[in-house]
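*Asks:* Line by line, the protein sequences are chains A and B.
All residue numbers for the first sequence refer to the numbering used here, where the first residue is 431 and numbers rise by one.
All residue numbers for the second sequence refer to the numbering used here, where the first residue is 425 and numbers rise by one.
Hint data in this document are derived by calculation from the structure and do not stem from the laboratory.
Do not rely on the hints blindly, as some may be mistaken.
[Claimed, not checked] Just the calculated beta-carbon pair ranges, DEER-fashion: (1) A:P766 <-> B:D676: 49 to 55 Å; (2) B:E655 <-> A:E793: 23 to 29 Å; (3) A:N438 <-> B:T561: 43 to 49 Å; (4) B:D484 <-> A:I749: 44 to 50 Å; (5) A:D619 <-> B:T591: 50 to 56 Å; (6) B:D484 <-> A:N438: 15 to 21 Å; (7) B:D484 <-> A:D757: 41 to 47 Å; (8) B:I559 <-> A:P766: 43 to 49 Å; (9) B:D499 <-> A:K646: 51 to 57 Å; (10) A:M622 <-> B:R682: 41 to 47 Å.
[To be verified] Only some residues are given here: those of chain A computed to face chain B with a beta carbon under 7 Å: (11) C435; (12) N485; (13) R492; (14) L550; (15) N551; (16) R587; (17) L588; (18) M600; (19) K604; (20) G724; (21) H728.
Using N, Cα and C, we set each Cβ at its ideal position, and we do this for glycine too.
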Amino acid sequence: MKINCDVNVHHLTRVEGHGNIRITIRDGKLIEASWEVVETPRFFEAILVGKKWDNAPWICGRICGICSIGHTLASIRAIEQAFGIVPSRQTQRLRLLLKHMETLQSHILHLYFLAAPDFLNEGSVFPLIGSHPDVVLRAMRLKKLANDLCDLIGGRRLHPTTTVVGGFTMLPDKKILAGFKERLSAAVDDLMETARLFKTFQIPDFSRETEFVSLKGVDAYPFIGGDLMSSDGVLKNESQYRQMTNEYTVPQSTSKWSRLSRGSFAVGALARLNNNFGLLHPMARDIASDFGLGPVSHNPFMNNIAQLVEAFHVAGESISLIDELIDTCWEAPRQPVAPREGRGVGAVEVPRGTLYHCYDFDETGHIIKCDCVIPTGQNHANIQHDLSALSARYASEGMKDRDLELLAEMLVRSYDPCISCSVH
Amino acid sequence: MAAARSFLGVPVYKPRVAFFELSSCEGCQLQLLNNEDTLPDFLSLVEVVNFREAMTGGTDDYEIAFVEGSVTRGDEIERLREVRGKAKTLVALGSCACFGGVNQLKNRFDPDWVKKEVYGDRQVESERAKPLEDIVTVDLRILGCPINKKEVEGIMVNLAIGKEIKTPKYPVCMECKANGNTCLFDLGEPCLGPITRAGCNSCCPNGRAGCWGCRGPAEDGNLAQMTVIMERYGFSKETIIDRLECFGGFSDYASQLRTIKLKNSS
Numbered sequence: 431m432k433i434n435c436d437v438n439v440h441h442l443t444r445v446e447g448h449g450n451i452r453i454t455i456r457d458g459k460l461i462e463a464s465w466e467v468v469e470t471p472r473f474f475e476a477i478l479v480g481k482k483w484d485n486a487p488w489i490c491g492r493i494c495g496i497c498s499i500g501h502t503l504a505s506i507r508a509i510e511q512a513f514g515i516v517p518s519r520q521t522q523r524l525r526l527l528l529k530h531m532e533t534l535q536s537h538i539l540h541l542y543f544l545a546a547p548d549f550l551n552e553g554s555v556f557p558l559i560g561s562h563p564d565v566v567l568r569a570m571r572l573k574k575l576a577n578d579l580c581d582l583i584g585g586r587r588l589h590p591t592t593t594v595v596g597g598f599t600m601l602p603d604k605k606i607l608a609g610f611k612e613r614l615s616a617a618v619d620d621l622m623e624t625a626r627l628f629k630t631f632q633i634p635d636f637s638r639e640t641e642f643v644s645l646k647g648v649d650a651y652p653f654i655g656g657d658l659m660s661s662d663g664v665l666k667n668e669s670q671y672r673q674m675t676n677e678y679t680v681p682q683s684t685s686k687w688s689r690l691s692r693g694s695f696a697v698g699a700l701a702r703l704n705n706n707f708g709l710l711h712p713m714a715r716d717i718a719s720d721f722g723l724g725p726v727s728h729n730p731f732m733n734n735i736a737q738l739v740e741a742f743h744v745a746g747e748s749i750s751l752i753d754e755l756i757d758t759c760w761e762a763p764r765q766p767v768a769p770r771e772g773r774g775v776g777a778v779e780v781p782r783g784t785l786y787h788c789y790d791f792d793e794t795g796h797i798i799k800c801d802c803v804i805p806t807g808q809n810h811a812n813i814q815h816d817l818s819a820l821s822a823r824y825a826s827e828g829m830k831d832r833d834l835e836l837l838a839e840m841l842v843r844s845y846d847p848c849i850s851c852s853v854h
Numbered sequence: 425m426a427a428a429r430s431f432l433g434v435p436v437y438k439p440r441v442a443f444f445e446l447s448s449c450e451g452c453q454l455q456l457l458n459n460e461d462t463l464p465d466f467l468s469l470v471e472v473v474n475f476r477e478a479m480t481g482g483t484d485d486y487e488i489a490f491v492e493g494s495v496t497r498g499d500e501i502e503r504l505r506e507v508r509g510k511a512k513t514l515v516a517l518g519s520c521a522c523f524g525g526v527n528q529l530k531n532r533f534d535p536d537w538v539k540k541e542v543y544g545d546r547q548v549e550s551e552r553a554k555p556l557e558d559i560v561t562v563d564l565r566i567l568g569c570p571i572n573k574k575e576v577e578g579i580m581v582n583l584a585i586g587k588e589i590k591t592p593k594y595p596v597c598m599e600c601k602a603n604g605n606t607c608l609f610d611l612g613e614p615c616l617g618p619i620t621r622a623g624c625n626s627c628c629p630n631g632r633a634g635c636w637g638c639r640g641p642a643e644d645g646n647l648a649q650m651t652v653i654m655e656r657y658g659f660s661k662e663t664i665i666d667r668l669e670c671f672g673g674f675s676d677y678a679s680q681l682r683t684i685k686l687k688n689s690s
């Protein structure tokens, strides 16, 4: 059957920020599919100009309400790179644990609150409180654990307070930290239940050959700093990030777009997993095999499952991190900072992909130039290409109207886009 | 879902509430979902009819509207006026909605330079970042960057049962002292605790990070004396201005303090 249909989604729901989907199908053929970002810019890169270095992590964390910890850590890393500060092992481990809990919190939020309602045929998580209370309570337990540990290390779950250039303003109480080991072990059981739930969901079988970009792990699955890689074989060091992101402006979006070897590339959980599969926690690898997920998967809907796999990874690794930290004799929480002229880049794997902050400083440590490249910004072009391919394929098979609209919405949601962050 | 609530034996009316966001990080709305312990209770108190970040299929029939973010574009002015027209009570949620938040830092610069710095030659529509009350009447302000979830819940209960809502008149310093913290000035950290409105339980100073004034001025705060004291502790004027101008609650005073013209300013 040759179908005609128009899909017009204004301000897509259950994503962070404002984006629109438009699809036009005539006689079963795709005329147009477009992913438009209409978010208002907030101009963080201009705001920072002239500010002293210590303002940057505090202000830049406010780019995003979901991954404020990742932004704060990327900002701090950029400054430390510029000033030649190497954080102590204690600081590195605490930052990684904090980062892991943000990843867990964000992935759980996305899996249960934003993605699951589509598979359970509901508009939001709210009706599930009545119909599936065990599911909602489990989601709450997992999210609360992650957020509570963020409070302990970062001072606050959202817009952290203790994270500063050189280390932390204050260190966590070791007894309280030790108590989280038990809760993390219990969380693994909750994650097993989560995996069982997601096993019951029908993940759309759609693939489009894609280039995947992420940090390159050496002896551990990468999160904070290191070399950059793409699945097409591009390898760059952190300071060459601009050759990886190649940002440009487009009329349909207030967010910039990116490209590398092809018309677009993807970052995020699936990209990290595709590029660093062997470095995942064994428990996480087992879950991935259960879902038939391994490198290189080109199905964007599998990003949901990659997030689930990463949730296992961060939970498992966090237990070891706590073991190491409670055996550490605390050193001073922070190192002294001596500003100097130069540029620093901080690349951090945040829940939605590789985030870069880059600052140029004058000799007094004031910012001359600021550049932030956001994961969702790097994904927009890929979402656009996926959306065109998805619409063309399913329309040719006769799918239309609400079914096509829902599938297109689910595609965009799979990327877990953080739109206001991408525009910043 | 938890049972319907009653207060003094009278069933509590469940107001229909909606959440909207303008220019913001959407973190304040997220703080509501970050209340894992009490979210089901919270949801039993109100009927959420519109919350785009978390639900599909909202309606425009609401009584209380929470609006996060500041106003920076023409379409946001229209959306805000529309919400104001429909809501009995309009609540400004967080520092961006109350004072312009970090977004208003761009107002220090020439708007054309700001656009060019970020977008080069691509045309972008953006106005001065403004708090909601510059455009519409605001009935209630919930302060903070981000909002403090405990405080919001207290306010929600009072809204639902029709009790008067009071925000502390005293400064963060009072809460900080009550929490037994060492004064940050003695630790060499700048802090706006003495002049910033309390209600956050001195969240930042509890972690030995100085206050940046995200909740705006406490009543009768002596800003001039605060500056004198901070200078006496050895903090530079630049550091004092950085703190005062960050979230918009003190930005007028901060610009008065600035004696050297900012590069790229209008």
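*Asks:* Taking 7 Å as the limit, does the beta-carbon of G724 (chain A) come near enough to a beta-carbon in chain B?
*Replies:* violated, 32 Å
*Asks:* With chain B as the partner, please determine if N551 (chain A) meets the hint condition of a C-beta pair closer than 7 Å.
*Replies:* Check failed: Cβ of N551 (chain A) comes no nearer than 11 Å to chain B, outside 7 Å.
*Asks:* Given L550 (chain A) was flagged as interface, is its beta-carbon under 7 Å from a beta-carbon of chain B?
*Replies:* Violated. Min distance 12 Å.
*Asks:* If you check the beta carbons of M622 (chain A) and R682 (chain B), does the distance land in 41 to 47 Å?
*Replies:* violated, 57 Å
*Asks:* Taking the least C-beta to C-beta distance, is R492 (chain A) closer than 7 Å to chain B?
*Replies:* This hint holds: R492 (chain A) lies near chain B, its Cβ roughly 5 Å from the closest one there, short of 7 Å.
*Asks:* Mind checking the CB of R587 (chain A) against every CB in chain B and telling me if the closest is under 7 Å?
*Replies:* holds, 6 Å
*Asks:* Does the Cβ pair D619 (chain A), T591 (chain B) satisfy 50 to 56 Å?
*Replies:* Check failed, 42 Å falls outside 50 to 56 Å.
*Asks:* Kindly confirm whether 41 to 47 Å is satisfied by the beta carbon distance between D484 (chain B) and D757 (chain A).
*Replies:* violated, 57 Å
*Asks:* Honestly, do D499 (chain B) and K646 (chain A) meet the 51 to 57 Å range at C-beta?
*Replies:* Violated, at about 42 Å.
*Asks:* Taking the beta carbons of D484 (chain B) and I749 (chain A), is their distance inside 44 to 50 Å?
*Replies:* About 47 Å separates the Cβ atoms of D484 (chain B) and I749 (chain A), which means 44 to 50 Å holds.
*Asks:* Between I559 (chain B) and P766 (chain A), is the Cβ distance one that fits in 43 to 49 Å?
*Replies:* The hint (43 to 49 Å, Cβ to Cβ) holds, given that I559 (chain B) and P766 (chain A) are roughly 46 Å apart.
*Asks:* Does 49 to 55 Å hold as the CB distance between P766 (chain A) and D676 (chain B), or does it fail?
*Replies:* Taking Cβ atoms as reference, P766 (chain A) and D676 (chain B) lie about 35 Å apart, which means the hint is violated.
When the structure is compared with the earlier hints, violations turn up for hints 1, 3, 5, 7, 9, 10, 11, 14, 15, 19, 20, 21 and for no others.
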